[in-house]
Amino acid sequence: MRRLQSKINTGAADFRANMAHNRRVVAEFRAKQEAARHLRPQRDMDRLEKQGKMPPRKRIEMLLDPGTPFLELSSLAANRDYDGEAPSASSIVGIGTVSGREVLIRADDPSVKGGAWYPLTVKKIVRALDIAMENHLPVIHLCDSAGGFLQLQSEVFPDKYAAGRIFRNQSILSKKRIKQLSLVFGHCTAGGAYIPGLSDYSVIVRGTGAVFLGGPPLVKAATGETVSVEELGGADMHTSVSGTCDYPARDEADAIRIGREIVAQWDRPAKWACQQETPEDPAYDPAELYGILPDDIKKSFDMREVIARLVDGSRFHEYQPAYGTTLVCGYANIWGYKVGILANNGVLFNESSLKGAHFIELCNQNNTPLVFLQNITGYMIGREYERRGITKDGAKMIMAQSCSHVPKFTVMCNGSFGAGNYGMCGRAFDGRFLFTWPNHQIGVMGGDQAANTLAEVKANQMRRNGHTVDAAEIEALWKDTRRAYEDQLSAYYATSQLWDDGIIDPVDTRNALALAISASLNAPLPDPGYGVFRF
Amino acid sequence: MKDYPFTRILVANRGEIACRVIRAIREMGLTSIAVHHAVEASARHVREADEAVEITGDTPVAAHLDIPQLIAVASTTGAQAIHPGYGFVSENAGFARAVAEAGLVFIGPDADTIALMGDKISARTFAEAHGVPVAPSVLPTDDLDAFAEAAAQIGFPLLIKASAGGGGKGMSIVREASSLRDAARLAASEAKRYFGDGRVYAELYVERPRHIEVQVLGDGQGRVLHLHERECSVQRRFQKIVEEAPSSNLSPDVAAEICASAVRLAEAAKYRNAGTVEFILGQDGRFFFLEMNTRLQVEHPVTEMITGIDLVKAQIDVAAGRGLPCPQGEIGRNGHSIECRICAENADQDFRPETGRIDFLHVPEAPWLRFEHALDQGQRVTADFDPMLAKLVVHGADRAQAIDRAIGALGELSILGVTTNVDYLARVLDNAAFRAADIHTGFLQEQAEALLPPPMDDAATDRALIAAALGFRDFRRMIFDVPPLQAAIGYWRN
Amino acid sequence: MSFRILLDGVERQVDILQRRPHLVLSVDGRTHVVEDAGPDGDGLIDLTVAGQSVTVARADGTEGQSLRIAGRTHHATLLVEGEGPDDAAEAEIRAPMPGAVVEIHVAAGAIVDRGAALVTMESMKLQTVLGAPRDGVVAEVHVTEGQTFDKDQLLVSLEAREGTDADA
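Protein sequence lines correspond, in order, to chains P, A and S.
With my numbering applied, the first sequence corresponds to residues 1 to 535, in that order.
With my numbering applied, the second sequence corresponds to residues 1 to 494, in that order.
With my numbering applied, the third sequence corresponds to residues 1 to 168, in that order.
Source of the hints: derived by calculation from the structure; they are not laboratory data.
Computed from a predicted structure; not experimentally measured.
Incorrect hints may appear among the rest.
[What the hints assert, rightly or not] If you only want the chain S side, here are some residues facing chain P, beta carbon under 10 angstroms, derived:
| hint | residue |
| --- | --- |
| 1 | S2 |
| 2 | D15 |
| 3 | I16 |
| 4 | R19 |
| 5 | V80 |
[Unchecked claim] Stretch-level coverage of chain A by chain S, calculated; a stretch enters the list once three of its residues show a Cβ under 8 angstroms from a Cβ in chain S:
| hint | stretch |
| --- | --- |
| 6 | 244-252 |
| 7 | 370-376 |
| 8 | 414-421 |
[Stated by the list, open to error] Residues from chain P that face chain A, not an exhaustive set, calculated with beta carbons under 7 angstroms:
| hint | residue |
| --- | --- |
| 9 | G67 |
| 10 | T68 |
| 11 | G100 |
| 12 | D200 |
| 13 | Y201 |
| 14 | W335 |
| 15 | E361 |
| 16 | V507 |
| 17 | S518 |
Heads up, the beta-carbon is just placed ideally off N, CA and C, and yes, glycines get one too.
Produce the complete structure using the sequences and hints provided.
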């Protein structure tokens with residue numbers, strides 16, 4: 001494969017301006033992430049220490065094989081919710097290597113409200129277990145949660161994708177022979193008790209670990225019975241009397257040691273054989289991505305420059321290089337894994353839609369995973385395009401993409417607006433993983449367009465009602481709309497709501513994609529097949 | 001050998017010396033019969049012998065000391081001769097007598113010679129009578145008053161010993177008249193306790209003495225050869241651990257004089273067999289008779305290395321009436337040889353004996369090297385037997401080369417799973433005073449500090465740790481059991 | 001996950017920093033490139049550390065690993081995080097099933113080693129010797145010979161030996 005030839009001048013003023021801008025953007029992201037990970041009220045940290053508990057991230061570090069990567073997912077979940085009280089949605093999720101096996105780790109965070117589950121915590125756990133199910137990843141639960149956040153119980157408890165879904169997913173995981181291990185460091189109360197209860201293996205720490213449907217206060221209130229935590233659901237009771245947990249551990253380190261040993265017993269089902277080459281670093285420095293991404297979302301850039309900084313050797317086999325040029329399609333390798341890339345270089349026209357649909361079919365034909373690099377303002381609109389069937393051509397692309405049997409991965413690089421989001425494998429389309437760059441914006445349309453549209457609607461309303469159009473009022477409306485809209489367009493808003501699997505630094509994309517692809521290969525490929533394409 | 005007077009030899013020993021004797025027997029075309037206790041049924045000497053018989057006893061050592069049983073085994077196996085090796089029954093006059101009475105050939109001296117030399121006093125008297133210098137001394141007595149008076153006549157320092165003793169028990173050095181009486185009383189009581197014989201004797205104590213011994217070979221007809229001297233001054237707990245031949249730093253005149261004295265003694269005794277006459281040598285060149293060992297010595301290989309004479313074969317030939325291997329004039333003295341005794345002991349903790357399992361054994365090989373042992377990988381080292389595991393014997397053109405070769409070979413030798421003195425021996429040989437041949441029997445104590453393990457620098461520590469880490473299965477799994485992508489990316493957090 | 005190794009009595013930490021293209025280990029914070037980690041198992045093994053070839057004799061025995069490098073013998077044990085005797089769980093010897101005491105082998109105050117017989121019990125026509133789960137001193141024997149007992153009844157309690165480190 002030929003190397004892409006970059007046309008970027010790294011000395012140019014716009015490159016330098018972009019660089020400065022995006023470094024600020026990334027620094028802001030890193031600061032938010034650092035705070036979500038480590039900034040806690042001192043009293044919460046003191047309480048953990050007094051209980052002899054490690055912070056959850058330390059537990060994870062100890063659990064992981066040394067010198068191996070950990071792909072954390074949704075580190076900024078809930079960052080815009082609950083007044084920022086639930087950093088990372090009080091739950092840590094990621095993919096790492098334990099005893100040589102790729103596993104999904106899901107940890108409660110007892111440093112946030114005793115590990116209470118907020119609605120977004122539940123959403124994050126359900127998503128984590130969906131990931132485990134879709135990719136056949138064994139799950140290790142690090143349990144330490146006070147239970148559902150009672151003030152928000154209506155959002156936590158009853159709905160289809162609420163807490164019950166966690167236990168449903170656990171059961172289905174087990175049915176699919178995807179292993180689960182619970183390490184019980186703290187309390188697993190009420191529904192939370194089912195996490196170890198539904199795990200294939202469980203380890204419980206003596207003294208701090210406890211599992212029960214109702215804790216001592218609830219028992220006292222309900223039946224008048226007075227019982228200690230240890231008696232009710234402590235390590236010795238559960239490992240020697242009830243059989244709810246399997247292994248008692250004398251402390252957290254011991255629990256992790258036992259857990260690692262349990263994982264070491266697991267079989268390693270073969271992955272499906274994705275085409276692979278010897279990995280090669282990109283020929284262009286990924287850090288140059290900062291100079292390529294524009295400092296203004298309205299400025300366009302060549303997605304090939306991005307591809308050149310993500311793929312092995314910056315080598316890219318471009319498919320139909322002269323046709324439908326607003327969608328760049330082609331083959332490349334990421335850390336050796338062969339992938340088919342679809343990247344936006346402008347609005348999707350009829351030709352680019354047809355090219356995209358065809359390329360997706362080729363990749364399915366070839367069992368090549370798909371990577372979507374989104375920077376899309378939408379499908380082209382207007383009379384001519386509708387007459388040429390832009391809707392049915394877009395539909396073909398959506399059909400091909402939706403029905404793909406190969407794993408799909410999406411990176412939100414700069415903007416994702418309108419139906420382009422659908423064709424390019426947005427969140428709704430069951431991509432295995434979806435990552436967002438911190439500069440990215442997402443919405444049904446851009447902020448300016450939304451403000452313009454609403455201002456236009458408002459002005460028409462005024463005219464219809466016989467009022468003169470108040471320019472100042474319209475201006476204020478425009479500004480308010482834009483501000484509110486921009487806020488919702490932000491990557492932070494999206495990731496807070498778990499519309500993605502996390503914001504990542506652009507330079508981390510290559511590793512994140514490779515680890516995601518590697519994880520995806522654990523699940524056997526389903527049978528291929530499509531619905532009806534409209535011609 | 002058809003015309004040999006005996007063809008079947010019982011080897012009444014075990015371990016490396018049994019293997020050594022069996023080897024000589026095989027090379028001579030004769031048949032060897034090993035004995036073993038049940039605990040050593042699969043030992044090397046059992047495997048290497050042509051035949052093997054189990055002997056029984058309350059302890060393994062007791063079995064090897066059981067004279068009637070050994071004689072019985074010899075009879076039932078049709079052995080015509082018995083080689084006793086060293087230790088066990090090798091210097092037991094009763095055994096030699098029993099062997100003779102059973103009509104078998106004892107590969108050693110006759111019982112009377114063993115008895116004569118086995119008693120320190122009679123040996124000393126005999127030596128003195130035949131012009132072999134002995135240290136001025138007080139004859140043994142249990143009359144402590146008379147003893148003290150006579151001892152004071154000799155002067156100081158004095159060495160007080162148990163008359164029946166050995167191995168340092170009941171031994172003390174007295175430097176002034178005032179402490180003589182107490183020391184004598186103590187020695188007497190220790191002697192009584194350990195040997196059941198309270199007699200003590202005293203002799204002039206030689207400061208910084210060297211231990212020089214002469215290998216002799218007698219035909220029992222009054223003809224005696226000497227195979228030069230050995231230096232065995234490097235001792236811990238009064239036991240040799242490094243021996244050399246020839247002695248270093250010994251003037252040719254003194255060497256000749258010592259050898260002549262040894263020959264004179266052996267001739268007078270009409271000595272038959274290989275034997276060793278031990279002397280103590282003062283820094284002034286004066287030497288005194290210590291004792292005579294009427295058997296093959298542990299350190300005999302260093303003599304073989306410089307003379308080219310196989311002492312075990314010579315022993316057998318002499319016992320068979322075949323006479324001495326060559327005239328005195330043909331006995332060479334080629335280069336230098338050093339023996340190191342490899343013991344299961346902790347040199348850093350007062351040479352405490354150690355036990356364990358030999359998890360790994362690697363023996364260096366070289367044309368100039370003999371590694372005498374009966375070890376097997378997987379073998380247990382127990383407290384049942386002597387802690388000496390093996391002997392590493394090197395030859396060099398000169399002493400410096402022999403030292404370097406020995407250090408190199410010790411470095412390559414690996415006996416893992418039981419603590420040994422291998423590292424310590426290498427430090428002894430590399431010690432500046434040892435290299436300068438400035439040695440005496442107190443050398444190891446004197447150099448104790450210099451012989452401590454040198455501190456490890458970080459680089460050496462880290463190398464050892466890395467090697468150790470890579471030897472742990474769990475650690476290796478942690479390194480190599482990671483999928484390739486994760487291994488390639490390494491530590492990474494997003 | 002990090003490893004602590006006791007080398008000749010001194011505890012050290014070894015971390016795996018990197019596996020490719022070369023193994024990189026850190027020993028107490030000092031970084032070393034291991035170009036060749038040598039084969040698995042015991043015996044004479046050649047390693048390459050920081051560009052230098054090192055020959056090691058190695059044997060991983062039941063009581064740790066012995067190794068010999070550059071004419072020096074070392075002893076190493078791998079200390080696994082969290083691993084060690086579990087004292088709390090093992091201070092009480094309880095009846096594993098209902099039965100009767102056939103024989104009591106110890107009295108209060110007896111110093112026992114791990115595995116020492118404490119009580120012989122009989123249940124369902126089968127005699128079982130209950131041994132000490134760890135080294136200790138018998139604090140109290142709660143049953144007498146011939147006595148019957150229920151499952152989980154306390155038979156013997158142990159306490160730590162005085163003057164000895166419970167972890168030793």
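Item to check | Violated hints, by number in ascending order, as checked against the structure | outcome: 6, 7, 12, 13, 15, 16
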